[in-house]
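J.: Input sequences plus hints: build the corresponding full structure.
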Amino acid sequence: MEEKTSVKEYKKFCKNYISKECEDNIIKMTILTGHRVGGAAKSQGDEYFSSTIKCIACINENNEPVQKDIRLTYYLNNKKPLKFLDVDKLSVYSVVCKKIKDKDFYYLLKIKRIKDKRFDEIIQEQLKPIIKVIDGISFTFNRIFSTYEGHMILQNKKLSVGLEPDRNSDDATHSISTLKKIKSDFKNFYQTVLKNCSKDIVKWVNDWKSEDDNHKITAAEIEKRIDKNNIVMEINGSSFTIYFEDDNLFFGHTIVYYGNIDENKFRVDIAG
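Numbering (my numbering), first residue to last: 1 to 272.
Possibly wrong hints are sitting among the right ones.
The calculated lysine-lysine pairs, modelled on BS3-like cross-linking and capped at a C-alpha distance of 25 angstroms, are [unchecked claim]: (1) Lys115 / Lys128; (2) Lys110 / Lys15; (3) Lys11 / Lys99; (4) Lys117 / Lys89; (5) Lys80 / Lys110; (6) Lys128 / Lys187; (7) Lys68 / Lys103.
Ranges between beta-carbon positions, derived for each pair [to be verified]: (8) Asp247 / Ser184: 25 to 31 angstroms; (9) Asp213 / Ile270: 17 to 23 angstroms; (10) Lys195 / Asp69: 39 to 45 angstroms.
These aren't lab readings, by the way, just hints derived from the structure by calculation. Since we're looking at a predicted model, the values are computed, not measured. Glycine included, C-beta positions come from ideal geometry on N, C-alpha and C.
T.: This is the structure we're talking about:
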């Protein structure tokens with residue numbers, strides 16, 4: 001009985017959402033899905049998880065395929081495991097939906113996989129790798145996360161670097177410029193980050209210690225403990241993020257350093 005009630009309440013929620021949050025017009029489209037079609041999120045206060053299907057092309061009013069960013073969303077009943085719609089990446093679907101008011105999203109009502117050769121050229125283009133070579137190092141575009149990914153060695157440190165392009169584009173010129181600035185004086189850059197990070201979290205570290213640990217950890221000790229040979233860095237325009245392993249200072253959490261190459265500002269947080 002509980003399961004039937006749950007399904008009934010879920011359907012009631014969806015019906016109310018459609019009537020209150022969506023525009024009246026029913027829209028029919030033929031779309032091409034992108035590289036990311038799964039995942040779910042539940043914001044604070046939300047009753048159900050929602051999932052988004054990112055689409056990269058559709059058939060326009062002239063009956064021609066055009067590349068266009070379209071996002072379809074739907075809610076999932078809160079059961080474990082969550083049951084997603086059976087949707088594949090780079091595939092063609094006929095969909096029935098309604099536009100969500102004041103948002104660039106469409107609420108999905110029906111979806112059916114079809115064949116349509118008009119999208120073949122776009123699909124083939126999407127399957128080709130996008131590579132940028134920066135100072136002799138290749139960065140490959142990860143189409144799922146829309147990030148250029150590459151690896152390099154600087155001052156005997158192995159860096160895994162992600163470069164964010166401009167929104168809805170594969171142009172990462174701004175992020176590449178920041179990477180080059182970091183590379184040009186990496187030793188001083190990295191030491192500054194280590195010192196800033198260590199001084200900022202020293203109070204947190206001592207607050208997190210067990211009650212029977214009387215040793216007061218210094219910023220210099222923290223600096224040595226979080227200094228690793230493998231570094232993960234993300235760059236988005238002039239901003240950058242570095243992830244440090246905590247060497248069990250925070251019981252296995254990740255130390256996250258946020259900075260900006262053009263500003264003398266930074267912020268440190270704990271994640272994981």
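J.: For this structure, which hints from the list above don't hold up?
T.: Structure breaks hint 6 only.
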